[in-house]
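As you go down the protein sequences, you meet chains Z and G in turn.
Be aware that the first sequence starts at 24, since it is given in our numbering, and climbs by one per residue.
Be aware that the second sequence starts at 62, since it is given in our numbering, and climbs by one per residue.
Don't read these hints as lab results, they were simulated from the structure.
Treat each hint with caution, since some may be false.
A few chain Z residues that don't get close to chain G, going by computed Cβ distances all over 10 Å [to be verified]:
1) 35
2) 55
3) 81
Result set (DSBU-like, lysine-lysine): computed pairs, CA atoms no more than 30 Å apart in a straight line [said to hold, decoys possible]:
4) 134/G x 154/G
5) 49/Z x 76/Z
6) 53/Z x 134/G
7) 84/Z x 49/Z
8) 170/G x 53/Z
9) 170/G x 49/Z
Yeah, the Cβ is synthetic: ideal placement off N, Cα and C, and Gly gets one too.
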Amino acid sequence: MNPKRTMTLNLTDQEMVVLEELSVQKDLSKTALLRQALRLYQMVDTRMSRGDKLFFEDSDKQKAELMVL
Amino acid sequence: MKETIQLIDAQSGKHVEASIFDEITLDHFIETQANWRPIVLESARALSKDPTRATLIPRHYHWDWTRKEAELKMLALRFFGIACHGRLQGIMKVDTVARSCRLPEQQGKPLVYIDYIETAPWNIRLLMEPLGRSQEFRAVGSRLFEAAVLQSQEEGFKGRLRGQERDEIE
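The shape of chain Z in the complex, shown without the other chains:
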């Protein structure tokens, strides 16, 4: 197991509610969920930094580009 470092995270009530809802939905602890979010953010940022685009596809196969500013 890799060593881990600790930090304090201050969230608004609304942010905490969302975090708790997602934790239940994804069957993850809040720490594990935030770790997943960081990994996903790094992956998206890396791809977009090199010029890749991010698309969402709906059930009708219609693609919509997500603009991350």
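Position chain G against the provided structure of chain Z, taking the given hints into account.
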């Protein structure tokens, strides 16, 4: 992470001490290209000459791990290797973000996805036979799968795991 594990000497059946680690570097990728790929290709060529065995040619014969160098920095991806007797015996790439569970009772929940897994060719009997050589170690793939399950538990994914399915294989 570096831990001692056991492999099995394919000739004697005895346990052999090995190590599993996650500090994979470009050097390990280069090692697979330099030491594994020529043997895999030589075996694939030998198999292709026998129509009854051509279907045994491994799908991974063309893999090039060095192309994954940039992925070593990604938090979502982890690489594991197994070394024994000073040589790399197996390597695996897992993804902890890009895939999720498909089973109805686990739909959408996170898991560890085994994206690439490869055992050194001298540990694959089917590849060594056409070259007149013997398999060296057994259990390399099992140890890598075990590492993936442990990774899933460590991530809080409760051991959930997925590998490439038939329609996803390159």
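Structure-based check of all given hints:
no.: 1; hint: 35; verdict: holds (24 Å)
no.: 2; hint: 55; verdict: violated (4 Å)
no.: 3; hint: 81; verdict: holds (17 Å)
no.: 4; hint: 134/G x 154/G; verdict: holds (13 Å)
no.: 5; hint: 49/Z x 76/Z; verdict: holds (26 Å)
no.: 6; hint: 53/Z x 134/G; verdict: holds (24 Å)
no.: 7; hint: 84/Z x 49/Z; verdict: holds (25 Å)
no.: 8; hint: 170/G x 53/Z; verdict: holds (14 Å)
no.: 9; hint: 170/G x 49/Z; verdict: holds (5 Å)
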